[in-house]
Amino acid sequence: MAVTVNRDELVSRASGDLLALTHIYTATLVLGLGGLFGMLQGFSRANLIVMPDWFDYYRMLTAHGVLMALVFTTFFICGFFTWSTYQSIERTRSVTVGWIGYCVMLLGTAMATVAILSGDASVMYTFYAPMKASPLFYFGATFLVAGTWFTAFDVLENVVWFKRRNPGERIPLPAFLAATTFIMWIIATIGVVIEMLFLIPWSLGWTPGIDVELSRMLLWYFGHPLVYFWIMAAYAIWYTLVPARFGGHIFSDALTRTTFIILLLLSTPVGLHHQFLDPGVSSGWKWMHTVATYGVVFPSIMTAFAVFASFEIAARRAGKRGFFGTIAFLPWKDPVFAGPALGMILFIFGGFGGIVNSSYSMDILVHNTMWIVGHFHVTVGGPVALTFIGATYALIPKLSGRKLFAPQLALVQVYLWFVGMMIMSTAMHWAGLLGSPRRTSDVSYFGAQGAATWHPEMLWAALGGALIATSVLLFIIVATGTYLRNERAAVPPSFEFAPVDADAMPTPAILDKLGRFAVIALVLAILAYAGPVTQELQAHPYLAPGMRTW
Amino acid sequence: MHIHKGERLWLTFAFIMMAVFLAVITTAAVVDGVVPPSRVQTIDPTKVSQTPPFDKPGLRKVSDGEYEAYYVARIFSFSPDTITVPAGAHVTFYVTSADVEHGFSIPETGVNTMVTPGWVSSVAHTFRTPGTFLLICNEYCGAGHQTMAAKVVVE
Chain A
1 MAVTVNRDEL VSRASGDLLA LTHIYTATLV LGLGGLFGML QGFSRANLIV MPDWFDYYRM
61 LTAHGVLMAL VFTTFFICGF FTWSTYQSIE RTRSVTVGWI GYCVMLLGTA MATVAILSGD
121 ASVMYTFYAP MKASPLFYFG ATFLVAGTWF TAFDVLENVV WFKRRNPGER IPLPAFLAAT
181 TFIMWIIATI GVVIEMLFLI PWSLGWTPGI DVELSRMLLW YFGHPLVYFW IMAAYAIWYT
241 LVPARFGGHI FSDALTRTTF IILLLLSTPV GLHHQFLDPG VSSGWKWMHT VATYGVVFPS
301 IMTAFAVFAS FEIAARRAGK RGFFGTIAFL PWKDPVFAGP ALGMILFIFG GFGGIVNSSY
361 SMDILVHNTM WIVGHFHVTV GGPVALTFIG ATYALIPKLS GRKLFAPQLA LVQVYLWFVG
421 MMIMSTAMHW AGLLGSPRRT SDVSYFGAQG AATWHPEMLW AALGGALIAT SVLLFIIVAT
481 GTYLRNERAA VPPSFEFAPV DADAMPTPAI LDKLGRFAVI ALVLAILAYA GPVTQELQAH
541 PYLAPGMRTW
Chain R
1 MHIHKGERLW LTFAFIMMAV FLAVITTAAV VDGVVPPSRV QTIDPTKVSQ TPPFDKPGLR
61 KVSDGEYEAY YVARIFSFSP DTITVPAGAH VTFYVTSADV EHGFSIPETG VNTMVTPGWV
121 SSVAHTFRTP GTFLLICNEY CGAGHQTMAA KVVVE
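Order-wise, the sequence lines are chains A and R. Its first residue numbered 1, the first sequence is counted upward by one per residue in our numbering. Its first residue numbered 1, the second sequence is counted upward by one per residue in our numbering.
Take every hint as true, because none was put in to throw you off.
DSSO-like cross-link-like pairs, simulated, lysine-lysine; straight-line CA separation at most 30 Å: (1) A:Lys513 / R:Lys5; (2) A:Lys320 / A:Lys333; (3) R:Lys56 / R:Lys151; (4) R:Lys5 / A:Lys320; (5) A:Lys513 / A:Lys163; (6) R:Lys151 / R:Lys61.
No lab work stands behind these hints, which were simulated from the structure alone. Note that this is a predicted model, so its numbers are computed, not measured.
If we strip away everything but chain A, and leave its shape as in the complex, we get:
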């Protein structure tokens, strides 16, 4: 391949690398800020510190949620999929659309962050109406989403270009995974954008009230696939990049594509499982979404099989046998491997907890308790964050040609995160089972009897949080140190896609018909929501006026 690369392509590749690298560094800095807020929250809930009025707990909690769940993840994912698409489709290309996307996202982030930090938007990352934030917050969130659409367009345009140039050929797997994820994302973000069409005029004072239940449905129509947006990017790394760290192979190209197709189809029609306790949604539709959520468990179960199979097959080829042989074979001293692998261990807890949450009546026991907070810290805060961090340790050197600063710190960092997250999320899960609520600055309730068991768990959570925050600090040191030190790597740093296993079955052509699957996904989303939305519109003419309660 190298001989065919001309000068234009080299320039084009360098500009693509810079685009991806800028996304990744932005995500890194956002993680640093979000991590600091996270630690302060843990201390605050454990009554170790009291936040001052000019920077109160709820403002900080909103900032933590928005920066971690929406900003850090989105910048990383857009950067990563831009890179993996560019990397797997050789082409002289323009990166203008990608840069427009980045700038729009950055502008949106800046607007929302200013609104939150100034105290005008202490509404959490779920911004439930009728709590009314300043218009700046809603505009910022909308720009953040709109920016991702440019990135999505760029990725899909490259895939379409490839298909036109190479009729009959399979879309390269990394680009396929990027395209599937972004199609899912476009369908999902339609919900939140429609919600913004209600919220923005209302926050500007142009409309008198809001249908609260409808706005909640639109939010969660988007809110659950948001989770899969994170997960799909992490899975893409597990499937295509992690095996290359130990000389392994992708277990099966066909299985990988099938998994992503199922995720595309089933990520959206499941959002009502966040609203099991909403008075405005009928129990029949809640049950339907339980069933669909059980369906979306399968791609994760398939992923667990395929990823662990890729471990074991490589170990066997190296002459290692059995469970312990495989464990001993894996490169646990490579942070690029250890990050995602430790994340996988956390995801075993995250996955099973998620099944509890989505199980209809069982959710009554855990809804809005600390259990939920524990859960998403072993999903987005575990496998997703550790995978993105591990990949960052490879991507930064690869894209910048620099040597990674203090790789030992990077290794300590991923293990510290894992230990901290285990302690914190176990305490959170347990506190939740004891009934402790989430999103509360203080769980003492004036010394009430029912709240007595909660405080010790908050101390454990604060300890875990302190370890994670230390780990975040190490991550920032390694990432910024690599930049500031600016030491050229002697050997070009590698971060390569693993080859597909020679024994894997061939990939059926049908799996590449992405347009067809996109239409099915959209139809499923409409089927899942037409009923409950119609019920709400028919039942409920009352609008709630907005107010600022913080």
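Using the hints, position chain R against chain A.
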């Protein structure tokens, strides 16, 4: 399409597991009526204090051992603040919000629902053991959210 033998076994196991989970949840819903609280009735959130029965929130005795409790959630308190029922009382709670989204939870009892402006939420529980139960708002509702609590006394 050829599927690896180990994978087929693994998927079969997972399928059976999820089918059992679904069967348990569905049986509990159909046979015992264990369903999340859903769609009782709508109410104008701006006129809660004029709308019966929420104009006079509080406990009503329906018959021996059977009670209805009407609550209004407002930043940052519940009305009524305290109710007292005898041990063994079956209480059906009806709750609505006069302002923003709230939660209504009595930890470790299974009483847990969202309180959405515009809707009445309903959830029932039998209080078998005497004691003082903490009733809290478990959805963030503003600056004083952490103080929003009430009591259910079982004698």
